[in-house]
Amino acid sequence: MGHMRNLGLNWVKFQMAWKDVESQPNDFSWAMWDHLVNAYSANGINILLSIPKAPDWARPFDDDKSAEGPPQDPAEYAEFVALVADRYRGRVQAVEIWNEQNLWYEAGGAGRINPAAYVNLLQQSYRAIKATNPDMIVVSGALTPAGNVGDLAMDDVQYLQEMYNAGAKGYFDALGAHPSGYNCPALSDWRTVNDATATNFRGPFENRHHSWCFRGTMESYREVMTANGDAGKPIMPTEFGWAVSGKPFPGYEYARDNTPEEQARWIVEAYDLAKKWGWVGPMFLWNLDYGVTAANTELAAFGIINTPAYDALAGIPK
0 MGHMRNLGLN WVKFQMAWKD VESQPNDFSW AMWDHLVNAY SANGINILLS IPKAPDWARP
60 FDDDKSAEGP PQDPAEYAEF VALVADRYRG RVQAVEIWNE QNLWYEAGGA GRINPAAYVN
120 LLQQSYRAIK ATNPDMIVVS GALTPAGNVG DLAMDDVQYL QEMYNAGAKG YFDALGAHPS
180 GYNCPALSDW RTVNDATATN FRGPFENRHH SWCFRGTMES YREVMTANGD AGKPIMPTEF
240 GWAVSGKPFP GYEYARDNTP EEQARWIVEA YDLAKKWGWV GPMFLWNLDY GVTAANTELA
300 AFGIINTPAY DALAGIPK
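Take 0 as the starting number for the sequence shown in numbering that gives the first Met the number 0 and just add one per residue.
Please keep in mind that the hints were generated in silico from the structure rather than gathered at the bench. Remember, predicted model here, so these are calculated numbers, not experimental data. All residues carry an ideal CB built from backbone N, CA and C; glycine is no exception. Hints are not guaranteed to be accurate.
[Claimed, not checked] Pairs of lysine-lysine residues, derived as DSBU-like cross-links and limited to a Cα-Cα distance of at most 35 Å, are as follows: (1) Lys-274 with Lys-168; (2) Lys-129 with Lys-52; (3) Lys-129 with Lys-18.
[What the hints assert, rightly or not] Derived DEER-like restraints, expressed as beta-carbon distance ranges: (4) Pro-316 with Phe-27: 37 to 43 Å; (5) Asn-42 with Ala-230: 21 to 27 Å; (6) Asp-229 with Arg-88: 40 to 46 Å.
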C-alpha cells in the first residue's frame, strides 16, 4: 500500500483464481479477498480483479488438468463473476474475464484454443455482471502476444478478429491486453526496429512480428477494433513491462539484453505514448514487488522496487 502512495498510482490488479474461491460447488472462501478489497478500497485505490482458472469440478471431464482451463458450462462462470460483482459493489471497479485464452495452458490444454467458445463465456459473463452491477467495468481477457504455434498458441491479432467474428462487440467495456516489451524499446516500430547490442535474444530483429513490441501489439489491436467499428472503446493493458536480469530463467533470455536504465526509460515512454494515443485505459505495470517477494522466480526480473524504474514511475505526472 505504501508503494502505491509513493508512486502516485490509483489502480491495482489482483488475479482471483475461481478455483481457489469456490473449490467445491457453492463452498466459497471469501475471507482473504474481503480483507484485501476492503484495505485497498478504504485507501481510495481502484481495483481490477482478473478471474481465470476454473475449479476441476466445473471443467470438462476430458480436458488437460495439468493446464488451466474454462468451465464446461459458461453459465457457471458467469454466475461466479456476477457474485463477485455484487459482493464487491462500489469497492471493485473492474473485472477481467479470463486470462491469455489464446495459449494452451489457459485454454484447457493443447488443441482447445477456441475464440468462439471464449466469446460465449464473455457474453454470458457480461450479461450476468451488468444485471447485478451495471457500473462494473468488464474487461475482455487479455490475450498474450503470440504467433501461431500449432495447437499450443494462436496469433493474438487473429484471435481478436475471430472474437469479433463470433460476436464479441458490445460485450466488453475495455479490451484487455498484455503488450509485452521483451527487448524491444517502447517507441519502436516492430517492422523496422533493430538493436545491435541485443546479443542474447534476436527474435524481434530477425523474426519480425507485432508481438515482440509494446507499440506493435497495441497498434495492431487498435487496427482490428477500428476495422470492426469499435474504435470508441479503450484498450486496457492489464499487464506490461520489461524484464532485466543478468541470469535470466530459460525462456527469458531477452532480459539479459535490457539494462535497468532502459527498463525505466521504456516504462515512462510507454505511459507517455498511451497518453498521446488517447485510446488507452488504465495501464498495469508488471510488476511492482516480485523482485522482493518472489526473488527466486522468473517473475523477479520484472519487479521495479529498488530499481531506476521505481523512481522514474514515481516522477511521471499522474
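So which of those numbered hints doesn't the model satisfy? The structure conflicts with hints 5 and 6, although it agrees with all the remaining ones.
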